[in-house]
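Given only the sequences and the hints, what does the whole structure look like? Please build it.
2 protein chains.
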Amino acid sequence: MSYGWKEYAVELEPSKELLKPLVVPVKTLMAPGPSNCSERVLKSLQHQLLGHLHPETLKLMDEIKAGLQYAFQTKNTLTLAISASGHAGMEASLGNILEPGETVLIIKSGEWGSRAANMSTRLGAHVEYLETELGVPATLTDLEAALQRHRPAVIFLAHAESSTGMKQPVEGIGPLAHRYGALLIVDTVASLGGEPFYADSWAVDVVYTGSQKVLGAPPGITPISFSPAAEKKIFQRRTQVPVLYWDMTVLGRYWGCFDGPRMYHHTICATLIYGLREALAQLAEETLPVSWMRHKAAALRLEEGLRRRGLELYISNPQHRLVTIVPIRIPENIELQLVIEEAMRKHKVELAGGLGPTSGKIMRMGLMGVNATPYHVDLLLNALDDGLRYARLVKKSKI
Amino acid sequence: MSYGWKEYAVELEPSKELLKPLVVPVKTLMAPGPSNCSERVLKSLQHQLLGHLHPETLKLMDEIKAGLQYAFQTKNTLTLAISASGHAGMEASLGNILEPGETVLIIKSGEWGSRAANMSTRLGAHVEYLETELGVPATLTDLEAALQRHRPAVIFLAHAESSTGMKQPVEGIGPLAHRYGALLIVDTVASLGGEPFYADSWAVDVVYTGSQKVLGAPPGITPISFSPAAEKKIFQRRTQVPVLYWDMTVLGRYWGCFDGPRMYHHTICATLIYGLREALAQLAEETLPVSWMRHKAAALRLEEGLRRRGLELYISNPQHRLVTIVPIRIPENIELQLVIEEAMRKHKVELAGGLGPTSGKIMRMGLMGVNATPYHVDLLLNALDDGLRYARLVKKSKI
Chain E
1 MSYGWKEYAV
11 ELEPSKELLK
21 PLVVPVKTLM
31 APGPSNCSER
41 VLKSLQHQLL
51 GHLHPETLKL
61 MDEIKAGLQY
71 AFQTKNTLTL
81 AISASGHAGM
91 EASLGNILEP
101 GETVLIIKSG
111 EWGSRAANMS
121 TRLGAHVEYL
131 ETELGVPATL
141 TDLEAALQRH
151 RPAVIFLAHA
161 ESSTGMKQPV
171 EGIGPLAHRY
181 GALLIVDTVA
191 SLGGEPFYAD
201 SWAVDVVYTG
211 SQKVLGAPPG
221 ITPISFSPAA
231 EKKIFQRRTQ
241 VPVLYWDMTV
251 LGRYWGCFDG
261 PRMYHHTICA
271 TLIYGLREAL
281 AQLAEETLPV
291 SWMRHKAAAL
301 RLEEGLRRRG
311 LELYISNPQH
321 RLVTIVPIRI
331 PENIELQLVI
341 EEAMRKHKVE
351 LAGGLGPTSG
361 KIMRMGLMGV
371 NATPYHVDLL
381 LNALDDGLRY
391 ARLVKKSKI
Chain V
1 MSYGWKEYAV
11 ELEPSKELLK
21 PLVVPVKTLM
31 APGPSNCSER
41 VLKSLQHQLL
51 GHLHPETLKL
61 MDEIKAGLQY
71 AFQTKNTLTL
81 AISASGHAGM
91 EASLGNILEP
101 GETVLIIKSG
111 EWGSRAANMS
121 TRLGAHVEYL
131 ETELGVPATL
141 TDLEAALQRH
151 RPAVIFLAHA
161 ESSTGMKQPV
171 EGIGPLAHRY
181 GALLIVDTVA
191 SLGGEPFYAD
201 SWAVDVVYTG
211 SQKVLGAPPG
221 ITPISFSPAA
231 EKKIFQRRTQ
241 VPVLYWDMTV
251 LGRYWGCFDG
261 PRMYHHTICA
271 TLIYGLREAL
281 AQLAEETLPV
291 SWMRHKAAAL
301 RLEEGLRRRG
311 LELYISNPQH
321 RLVTIVPIRI
331 PENIELQLVI
341 EEAMRKHKVE
351 LAGGLGPTSG
361 KIMRMGLMGV
371 NATPYHVDLL
381 LNALDDGLRY
391 ARLVKKSKI
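Chains as they are written, first to last, in the UniProt record's numbering: chain E, 1 to 399; chain V, 1 to 399.
Any given hint could be a false lead.
Identical copies carry no separate label here, and so any pair may be met within one copy or between two of them.
Cross-link-like lysine-lysine pairs, in silico, DSBU-like; alpha carbons within 35 Å at most [said to hold, decoys possible]: (1) K20 / K59; (2) K398 / K346; (3) K16 / K43; (4) K232 / K16.
Simulated from the structure, these hints should not be mistaken for lab results.
Okay, here's the thing in C-alpha cells:
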C-alpha cells in the first residue's frame, strides 16, 4: 500500500513557552470567586470523556437537574445548566424572557445591574433603573413605585451584589412583580447554597447561579431554572430567542425538560458534568440547612475577627450582609495592592479589592463552599494581618 | 458570641440518585467526536482552580493563544478561545461579522450549513445557499456564480462536513471571496490538527475549531481566530454585537489581543484552560506535519480494512475524503443500531450513525487525536466485525 505522501510543510513554528511543563500553584481562593474545589470534585474531573448523548451522560444530567432543583428549592421542570460561565446565565435569562421593545426594570445596587443593562440594550429592550445607595437594598415600597412608573415586562436583581457584599432580600418581590404583570429574574451567582433561597415559595421566575462559588465545581457550566410562567412566555415569544446556544425551547429538549425525545443541541463538556454532579452530591449530602449554617458561622467568626482588629465592615446593617462575601473599608493610609500581594506571597491566600463602583474603596473576602470553615477564616485573618503589617512597613520605609 | 440561629427549613428534599457514588465507564470514542483525552490532558484537569485574572491564568491564556496561532497557522492577534462549546464558535463567528440585513452565503453540503442558517436568521441576516450534492464539495466556479448572484457580505463553509465525511477544499476561496467584498468563515471543528489547514495563506477571515476532536482537550472551550479584515469589520459595525458573552471587542481585551490592559469579562474555566494548554502543547511537540501524516496513515489503514471486508466508502472521490471521519454506506439488511450496540457492549468502542441528511444511510467512524493510531484502527475494525456479526445473527434468528 503506497501512502503517496505529499510534502507537508508549515509556515509558522510553535511557541517555546508552550513546550515547557505545566505548573499550577495551589492557592486558597478567598476572593468573591471562584472558590476552591473539594478533593472529590477535582478527582472527578480526571475521568475520561463521555459522548454528549451517551446514556451515562444523560443520566448524570438528570442527576444534576435533580440536584439543582434541590439547590434552588424549586419543582421547575425547565431546570438545567448552560455550557458557559455565569455571565451567560445573566445573558440567557434576559435573552429568553425579554423581547425587543419591552422594558426591563433593573435594581441597580452595584456592578451587576450595569452589566444586565448592557445586555438588555443589545437585545433591543428598554432599560429603567431602580438605583439604590451602595450597600443598601431596595425596599418593596421603592419597587412598587418603580413598577407603577415604568410598567416593566421583566425585573432583574442580584440576590448577592458581590461588588458591595450586600444581600437584597427577595421575599415579597415575586408576588409584587406578578401583580404588575412582570416576571422576576434573580442572580444568585454569589449566594446560592450559602444564603437561604427558595425559588418556588418566593415566586422567582428565572434564577441562575455560578458553579464555581458556593457549589464548588469548576466554572464554565451555569445552573439556571425557569418557572412555568417564564417557560410559557418563552414559548409564546413574538420573535425567536436571538441566540440558538441558549434558546431554552431547544436546549431544554437536550436536557429532557419537555415531553418528547432528547435531541442533540451542542457537545456538553463531560468533565464539567462530572464536577458539577459531584459538587451537587456533596451539597445534597451536607443538606442545605447545614451548608447555610456553616457559611453563617464562618461569616460571623470572620466579622468578629475583623472587629477585634478595628477594621470597619462596609455594610453597616447586619441584616443586609452576605455570609459569602465580607467587605471592609480600606483602612486609612493602607495601599490595598500591597496587602493583597503579601497575603498571596506568604500564604497563597487570595484577597480582592472592590469591583466597579467600589473599586479602590473596599477589600472583599470570600467564604464560599469548602472554604467556609473556621480553619479558613483563621488562615484568612492571619494572611490579612501579615498583609496589613507589610503595607504599613512599606509606607513607613517611604516616609 | 451568640449566633442567633433562626430555623432553617427546606421544602424539597435531595434526590436519592445523586447520593450514589459517581461511576464513569472508560470508552474508546471513535464516533465523529468528542474523541478521548490523553493521559497528560486528563491529569492536568485535576489541578486546583486558579482565578480568572491571576497572572498564572493570563500566562496560560497567552500560551494557548500561541498554540492556536500555530494550529491555525496564523499570525492573527485576535486569536483566543470562547468559554463555550463548538456550537458557540459558529454562533460567535456569525454574530461578530454579520450585521442585520446583510446577506450570508452558506455552502450547504450537509448538517452544518443548516445550523449556520438558523443562527444567521436569528441575527436578522438574509440567507442564501450554495447547495451541493451530499459528499461532493462546492467548486470555485459554482462559488463565483453564487457570489455574482447574491453579493453576500459573508461566506460560511465547513472544512470538515462531519455529517458526510466530506472535505471541502478551502484554497482559492478566500481570495475569490475578497474579490467580491465578502469575508470568509471556515468551520474546522472536525478537521483542525488532522487535515492540513493554513488560515493565513488561504486568506480565511474567521476560523474556529472544537477542542474535543483532534486537539484532544475536553469540550467547552472553543478556539477561534479573526483576520485583520474581520477585526476591522467588527470594530466598524453599525450595530453592537448582540451578545456580550462573545463580543470580540470586549472578550479580545480579556485575552490581551489589543493594546491596553486586560479587563475582566467573565470567569474563565481554569480546568479547561489546563486541558487545552496541554493538548496544544502535545500538538506543538508532535508538530503539525507529523500529526497530519499520522491521521492520514490511520485513515488509509482503516479504508483498506473496510475495503477488504467489502464495505463501501460513502465518499467516492478519495480527494474529498476526510482523514478524521470515515463513513461507509450501511450494508444491506443490517440494522445499524445493533452494530453500534454490540461494538459498545463488547469493546467499549463508540461508533456512530449518520447525522441530519445522512441519518439512516451511513455509519461514521472517527479517527481523531490520540485515537488516530494503527492500534485504534485495528480495535475499531475488530469491534465493527463483531457488531456486523451480531446484527446478522439477530437478523437470522428473526427469520
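message: Check the structure against each numbered hint from earlier and tell me which ones fail, lowest number first.
response: none
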